[in-house]
Amino acid sequence: MMDRIVAELDFHKAALALREQRQAVLASNIANADTPHYKARDLDFAATLERVTADAGLAGPGRVTLQLTSARHIPGQAQRPVGVDDPLFRIPFQPSLDGNTVEMDVERVEFADNTLRSQTELQVLSQRLKTLLGAIQS
Amino acid sequence: MSSFSIFQIAGSALTAQSQRMNVAASNIANADSVVQPDGQPYRARLPVFQVQPQAGSVGVGGVRVAQVLESTAPARMQYEPGNPLADADGYVAMPNVDPVAEMVNMISAARSYQANVEVINTSKALMARTLSLGQ
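Protein sequence lines, in the order shown, are assigned to chains A and B. Going by this note's numbering, the first sequence opens with residue 1, and the numbers climb by one from there. Going by this note's numbering, the second sequence opens with residue 1001, and the numbers climb by one from there.
Don't take every hint at face value.
Stated by the list, open to error - Dumping the calculated BS3-like pairs for lysine-lysine here, alpha-carbon to alpha-carbon at most 30 Å:
| id | chain 1 | residue 1 | chain 2 | residue 2 |
| --- | --- | --- | --- | --- |
| 1 | A | K130 | B | K1124 |
| 2 | A | K130 | A | K13 |
| 3 | A | K13 | B | K1124 |
| 4 | B | K1124 | A | K39 |
Hints listed in this document are in silico derivations from the structure and should not be mistaken for laboratory results.
Isolated chain B, as found in the complex (with noise of 0.2 Å):
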C-alpha cells in the first residue's frame, strides 16, 4: 500500500463533501425557480455518496459521488391566483426544496470537511516528522 493513500482518500472526501455543497448551493439558489428550461418547476437534487475502493487494499476506501438524483418529493403548491403559469385551481407549483434541511445539509457536509481536512494536516505533519529520522 503506498505511503500515500490516506491523501487519496480524505482528498476524495474532500472533493465529495465539496461537490455535496455545491448541490445544496444549488438547491438554496433554486428555492423559488419556478421554471426550468424544460418548463417544469425544480427539483431539489440529491448527492448519493458510494465507497471507492482502494486497488491492493482491503476494507480501506475513499469517497465519490455516485450519482444525482432529483427528489421525488410532491412540489410545493403556493395558491396565487393572478399568476400566468397558475393551475385551474390558483396554484402554483413551486420547488419541492426544503431550505431547512438544505442549510442542515450544508453544515454536516462543512465539518465532514472539516474533518478530512484534518486528517491531511495530521497525516503531513507525521509524514515530515519521517522524513526527519534520524536528524
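Chain A extracted, bound-state conformation (with noise of 0.2 Å):
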C-alpha cells in the first residue's frame, strides 16, 4: 500500500527536482551574465525528465528490456548513469565580442517560464497531497 503511494509522487518528485536543477542553471546564466567567455546552459527538460523517470523504473516511454524467450532467460534492463545529463549550450542570437553568449532577455523569460511551472509543480502536488490525507482520514 505504501510503495504505491510513493509511486505515485516520485515522478513529482523527479520533476521538480529537475525544475531546481534547471533553475540553477538559469541562475547560474545570469550570475555570470558579465563574465568573459561564459557559455550560457540550459537542461534539455522533456528529455532529462524522460530519461530519469526510466532510470527509476517509473513509467515512461524508451525503457529498455532484454526480450525473454525462455522461462529461464534472467530479465535484464540496461543500465544507464543515474543523474542528470551534462547541460546543453545555448545557441545565442546575437554572440558578443567578449565571447559570452547569455542574453539576459532569453535567461529572464525562460527563468520566469520555470518559476510558472515549478509553481504549477507544487500545486498539483500539494492537491494530490491534499487527496491523500483525505482519504486516509475520512
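Make one complex out of these two single chains by using the hints.
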C-alpha cells in the first residue's frame, strides 16, 4: 500500500528536482551575464525527465529491456548512469565580442517560465497530497 | 546538489556586481586625482569577472572578481603651464579615467544586480511554497 503512495509521488518528486536543477542553471547564467567567455547553458527538460523517470523504473517511453524467450532467461535492463545529463549549451542569437553567450532577455523569460512551471508542479503535488490525506482521514 | 545553491550563485553575483560598482565609484571619484601616494596619476581600475564552479554540479557556477587590473590606457595630457606638476612642455598627466564609460559600467552593474535580486526573491518564494506542500 505504502509503495503505491510513494510511486504516485515519485514522478512529481523527479519533476520538481529537475525543475530546481534547471532553476540553478538559469540562475548561474544570469549571475554570469558579465563574465567574459562564459557560455550560457540549459537543460533539455523533457528529455532529461524522460530519462530520469525511465532510470527510476517509473512509467515512461524508451525503457530498454531484454526480450525473454524462455522462462529460464534472466531478465535484464540496460543500465544508464543515474542522474542528470550535463546541461547543453545555448545557441546565442546575438553573440557578443567578449565570448559571452548569455542573453539577458532570453534567460529572464526562461527563468520566469521555469518558475511558473515549478509553481504549477507544486500546486498539483499539493492537491495530490491533500487528496491522499483526505482518503486517509475519512 | 544542495537546494540552496541558487542562493549561493545569485549571492556571489551580488557580491561581484557590488564590487564592480565600487571600482566604478572609485574611478569616477578619482577622475581628477593627479597624484597617487606613489606620485603617479591615478589609473582606472578594471575588475575581472571569472566563473566560480560549484562543487558537485556540472556547468553551474557563481561568479567572482578574480583580480582588479589597472588600465594601461595613456594618461590624459592637459595643458596647464602654470601647474607645478607640469612637464617641460607645460602638460600635466591626468588620470586615464573615462567618466562616460564608468557611468555606463555603473548602470550595467546596477541592472545585473537587480536581475540577481529578482532571482533570489523568486527562488525564495518557490522554496516557501515547497515548504508549505500539502497544507
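- Query: So which hints don't hold here, by number, going up?
  - Reply: none
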